[in-house]
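Got chain E sorted already, so can you dock chain Z onto it with the hints?
These are the residues of each chain, in order.
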Amino acid sequence: MNLFCYPVLLIFLILGARLWQLQIIQGAEYALKAENNRVRRIELIAPRGMILDRNNEVLAEHRSSFTVLLYRESITDPAETIRFLAEKLGINSEDVELKLRRSRESGLYRPIVVKEEAGIEDISIIEAHRRDHPEIQLVPEPLRSYKNNKLAAHLLGYIGEVTEEELDKDLFPSAHSGSLVGQSGIERKYNELLVGQNGERLVLVDSRGREVREVDPLDERIPITGGAVWLTLDLELQSVAEEALEGKVGAIVAMNPGNGEILAMASAPSFDPNAFSTRLSYKDWNALLEDPDHPLQNRCIQNSYAPGSIFKLIMAAAGLESGFLGEGTFVDCEGTAVYYGRVFHCVKDGHGRIGLENAIAKSCNIFFYELGRRLGISRIAEHAAILGLGEKTGIDLPGERSGIVPSPEWKRRTQEEPWFLGETIPVSIGQGALSATPLQILRAVSAFANGGILVTPHLLYSAEKSEVNQEWPKPQIPVSESSLRRIREGMWRSVNHAGTGYNAAIPGLGICGKTGTAQIVSKETQKRVPGVADDHAWFAGFSTKENPEIAVVVFVEHGGTGGAAAAPLARKMFKAFYDKRK
Amino acid sequence: MDRRVLFGFDWLWLLTLLALSGIGVIAIWSTTDGTSLDSYFGKQLIYLCCALFVFFALLYFNYHVFSDYIVFIYAAGMIMLGLVLVIGISSHGNKSWIDLGIITFQPSEVMKLIVIIALAKYYSRHEGEYLGIKELFIGGLIVYVPVFMVVMQRDLGTAVTYLPIYGVLSCLAGIRKKHLLLLLVIVVIATPIAWFSLQGYQRGRIMNVISPSSDPYGLGYQSRQSEIAIGSGRLLGKGFKQGSQGNLGFLPARHTDFVFAVLAEERGFVGSVLILGLFLFLSYRLFRTAREAKDKIGMMIVAGVLGLLLFHMTINIGMVEGLLPIAGIPLPFVSAGGSSLVTYYAAMSLCMGIWIRRYVN
Numbered sequence: 184m185n186l187f188c189y190p191v192l193l194i195f196l197i198l199g200a201r202l203w204q205l206q207i208i209q210g211a212e213y214a215l216k217a218e219n220n221r222v223r224r225i226e227l228i229a230p231r232g233m234i235l236d237r238n239n240e241v242l243a244e245h246r247s248s249f250t251v252l253l254y255r256e257s258i259t260d261p262a263e264t265i266r267f268l269a270e271k272l273g274i275n276s277e278d279v280e281l282k283l284r285r286s287r288e289s290g291l292y293r294p295i296v297v298k299e300e301a302g303i304e305d306i307s308i309i310e311a312h313r314r315d316h317p318e319i320q321l322v323p324e325p326l327r328s329y330k331n332n333k334l335a336a337h338l339l340g341y342i343g344e345v346t347e348e349e350l351d352k353d354l355f356p357s358a359h360s361g362s363l364v365g366q367s368g369i370e371r372k373y374n375e376l377l378v379g380q381n382g383e384r385l386v387l388v389d390s391r392g393r394e395v396r397e398v399d400p401l402d403e404r405i406p407i408t409g410g411a412v413w414l415t416l417d418l419e420l421q422s423v424a425e426e427a428l429e430g431k432v433g434a435i436v437a438m439n440p441g442n443g444e445i446l447a448m449a450s451a452p453s454f455d456p457n458a459f460s461t462r463l464s465y466k467d468w469n470a471l472l473e474d475p476d477h478p479l480q481n482r483c484i485q486n487s488y489a490p491g492s493i494f495k496l497i498m499a500a501a502g503l504e505s506g507f508l509g510e511g512t513f514v515d516c517e518g519t520a521v522y523y524g525r526v527f528h529c530v531k532d533g534h535g536r537i538g539l540e541n542a543i544a545k546s547c548n549i550f551f552y553e554l555g556r557r558l559g560i561s562r563i564a565e566h567a568a569i570l571g572l573g574e575k576t577g578i579d580l581p582g583e584r585s586g587i588v589p590s591p592e593w594k595r596r597t598q599e600e601p602w603f604l605g606e607t608i609p610v611s612i613g614q615g616a617l618s619a620t621p622l623q624i625l626r627a628v629s630a631f632a633n634g635g636i637l638v639t640p641h642l643l644y645s646a647e648k649s650e651v652n653q654e655w656p657k658p659q660i661p662v663s664e665s666s667l668r669r670i671r672e673g674m675w676r677s678v679n680h681a682g683t684g685y686n687a688a689i690p691g692l693g694i695c696g697k698t699g700t701a702q703i704v705s706k707e708t709q710k711r712v713p714g715v716a717d718d719h720a721w722f723a724g725f726s727t728k729e730n731p732e733i734a735v736v737v738f739v740e741h742g743g744t745g746g747a748a749a750a751p752l753a754r755k756m757f758k759a760f761y762d763k764r765k
Numbered sequence: 098m099d100r101r102v103l104f105g106f107d108w109l110w111l112l113t114l115l116a117l118s119g120i121g122v123i124a125i126w127s128t129t130d131g132t133s134l135d136s137y138f139g140k141q142l143i144y145l146c147c148a149l150f151v152f153f154a155l156l157y158f159n160y161h162v163f164s165d166y167i168v169f170i171y172a173a174g175m176i177m178l179g180l181v182l183v184i185g186i187s188s189h190g191n192k193s194w195i196d197l198g199i200i201t202f203q204p205s206e207v208m209k210l211i212v213i214i215a216l217a218k219y220y221s222r223h224e225g226e227y228l229g230i231k232e233l234f235i236g237g238l239i240v241y242v243p244v245f246m247v248v249m250q251r252d253l254g255t256a257v258t259y260l261p262i263y264g265v266l267s268c269l270a271g272i273r274k275k276h277l278l279l280l281l282v283i284v285v286i287a288t289p290i291a292w293f294s295l296q297g298y299q300r301g302r303i304m305n306v307i308s309p310s311s312d313p314y315g316l317g318y319q320s321r322q323s324e325i326a327i328g329s330g331r332l333l334g335k336g337f338k339q340g341s342q343g344n345l346g347f348l349p350a351r352h353t354d355f356v357f358a359v360l361a362e363e364r365g366f367v368g369s370v371l372i373l374g375l376f377l378f379l380s381y382r383l384f385r386t387a388r389e390a391k392d393k394i395g396m397m398i399v400a401g402v403l404g405l406l407l408f409h410m411t412i413n414i415g416m417v418e419g420l421l422p423i424a425g426i427p428l429p430f431v432s433a434g435g436s437s438l439v440t441y442y443a444a445m446s447l448c449m450g451i452w453i454r455r456y457v458n
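For the protein sequence lines, the chains are E and Z, in the order given. Every letter in the first sequence is one number past the one before it in the working numbering, and letter 422, counting from 1, is 605. Every letter in the second sequence is one number past the one before it in the working numbering, and letter 330, counting from 1, is 427.
Pulled out of the complex, with its shape left as it was, chain E reads as follows (with noise of 0.2 Å):
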């Protein structure tokens, strides 16, 4: 009998040691578990910060929308799961088993969004069968919305689920894992400033995941909404601009050449960003990306164009810079000059005896072909750098092209071959290897009005979350003001004394311009097929001469003359800017 005593005392011993080991020693770890259990963490969405222009015009803002999610773990039959969701919510099939499919081998809990902004159909679908699909659960999320639509769409940018690469890479600070953020343009560029804080719900949650709603929220942390961010933009004369592109292919920009603020910025054709608000399908996102326009594309900045003959206001500087334009300096003009061989052409009859302002405003070819001839290569590139073509101009968005500036040494570089003399001549009219973004060509422009100081283009005007204030670099550059003033008088000429820039003139302002034809291909070629690659049209501006307050670029792909297809479109914006002032 007393033998049994042993046992006994051994199988208390073990019962209890197995206690100890639960309770005392593991008891802080299955505490967290019995927490993971019952509680259910709802993240709350903040809204991004709105997007205004420089009159408080809101260009982005949020709406609020519901977001269906599925909670995988509180699956308990997944077939009958995704049966309702696709005749209850008419929500594809597939496209929900794939997404299981990737949740599972993710091996993360995250709530799985099947669809969004649920209409109040779903809505009511959805809290009818609350109890029955506890796996099926309805969250408020802010959608960002742009008001505008395409207006300004390039330069707003829009904003996407984070990916991960971006996440690796760090990209943003604040993101983790499906949240959303800026994926182009100002919404990626000052993403920091936009994005707000999420809050999060913590809910009491039973055995099969249903939400325990006798029990108020255990915790809750209100989203804070992102800081607001003003823009330089000025939203009338933004859309003037995207009026006057309606149709066309091509990018305008205005701008203070004083300060480089950004007042309007235009590329077309355009996209609504409110497509990426929501998670955009691949069928959409696939459309916008082989559309043979590449409508995503900003041609203000992500694209370089050759500039035709604005071109030769840079080569007036180089010319007067070097000493080789006097006061007195004068070329024939009789319509076709040989160098090295070869027939370069200009008007028809030519333009007789020319000096620099009236070469400048008739865009004398001959004249500034003898010009680049005795230039040379070097001092030509070494100009187009101190205007700043060839680099980036640091305006704040993603994605900037820099343009090529032609010379020996790029020649060498890139194709390994010497540069050869007759290159030097297409170079002096804005053809050939050169290129430049309409941004690039209206900060040089801005520079011959502002008296040689090359701004800074820029469109951020304050931020209420920014507590330094952004200085944008202006360099002045060591172009002499008698020099600045031939070539403005030159871009005077052009617009108002029987110029080629006289569709963009305006009675009683002093509107002073350059046109540019930029040729795609040999006038041989466009005479044999007519209409196709037609020359891309520039023009470049600003006004007044005597008090420069807008600086204008207007680029139209395949447009004609620069006359012709650009000056007009220049002047609605002047006309629109000093409108406005009335």
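Simulated from the structure, these hints should not be mistaken for lab results. Please note that the accuracy of each hint is not assured.
Unchecked claim - Incomplete in silico selection of chain E near chain Z, CB under 7 Å: (1) L198; (2) Q206; (3) S665.
Claimed, not checked - Not everything, but these chain Z residues come out facing chain E in the computed CB check (under 10 Å): (4) L260; (5) L269; (6) I272; (7) H276; (8) R321; (9) Q322; (10) G346; (11) A361; (12) V370; (13) D392; (14) L403; (15) L420; (16) A424.
Cβ atoms here follow ideal geometry from the backbone N, Cα and C, with glycine treated the same way.
Here is chain Z on its own, set in the frame of chain E:
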């Protein structure tokens, strides 16, 4: 009644039983909804009253009355088990209840006590130091015929609890080493046969103890949730109705088989160890009674009851703590359920009767 009988009554023993049942009733109140007579809490209180009535009523009779008429009682028990197979109702896949109109009743619980008395009676008549093979065989029949009936009801958990009765009483009655070895050989041979006759889910439960994390959302779910409930109670517990594992439904069968997990969650290590202490004290009282019992049959009945109690308690707490496979075995005195409660109070009454009559002829 003899005055010595009255004075011999062990109040501390009864208080221990009441403490266990009281803790159980409060735990059931804490982890289920409602306090009406229809709720689990209300029903448990009624069962407890019934159990106390049975306790005091049986105490009046000398235990020899039961052993003298054991043949008839045993036969009645067998008829009840047989009736279950014919008119029994099912619950949780087991067909082991009889519907008596007001309450349902589980004859296999009561039969355990009858088997103890019957086997004690049979072995106590044996004079020799060791049991012969014939006695072992007949003793085996006394136990295993009802076990077979219970297995027929698919209530394996209850059937298993009959095994220690045979083991403990056979050892006490005196068993030769070679016979013990023979029995062990039978067990060894029977184990694989039993294994393959088990239902799939039953095999899974056993496998789960060997490798608990292999399937956390499948069969291991119950064990895992039970361990979380116990562990998260920590030293002092979460308090009355504060156990999230129990109240939010993460714990399976929380008022019956897993009531110890509810207690551990809400009362912590201190409360859990207190319950183990109460069982230990109860075991001591039974042990003392067995040793000082007046006759062999008394000693054997008490030892049988002690073996049954310890077996029940070990299997249940071991299961809840994740040390043993999940089996539908309630914790004596604590778990919700009338049949088990009444049977155990009857058994205690029997043992108390043996204690207070230890000097009476």
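Verification of the hints:
1. L198: holds, 5 Å
2. Q206: holds, 4 Å
3. S665: violated, 84 Å
4. L260: Since the shortest Cβ distance to chain E is 15 Å, the answer is violated.
5. L269: holds, 7 Å
6. I272: Where the cut-off is 10 Å and the nearest Cβ of chain E is about 13 Å from Z/I272, the hint is violated.
7. H276: It is violated, given that the least Cβ distance between Z/H276 and chain E is near 17 Å, above 10 Å.
8. R321: Interface hint status for Z/R321: holds (9 Å vs cutoff 10 Å).
9. Q322: holds, 8 Å
10. G346: holds, 4 Å
11. A361: With Cβ-Cβ at 7 Å, under 10 Å, it holds.
12. V370: holds, 6 Å
13. D392: violated, 14 Å
14. L403: holds, 8 Å
15. L420: holds, 6 Å
16. A424: With a closest approach of 16 Å, the Z/A424 hint is violated.
This entry does not satisfy hints 3, 4, 6, 7, 13 and 16, going by the numbered hints stated previously.
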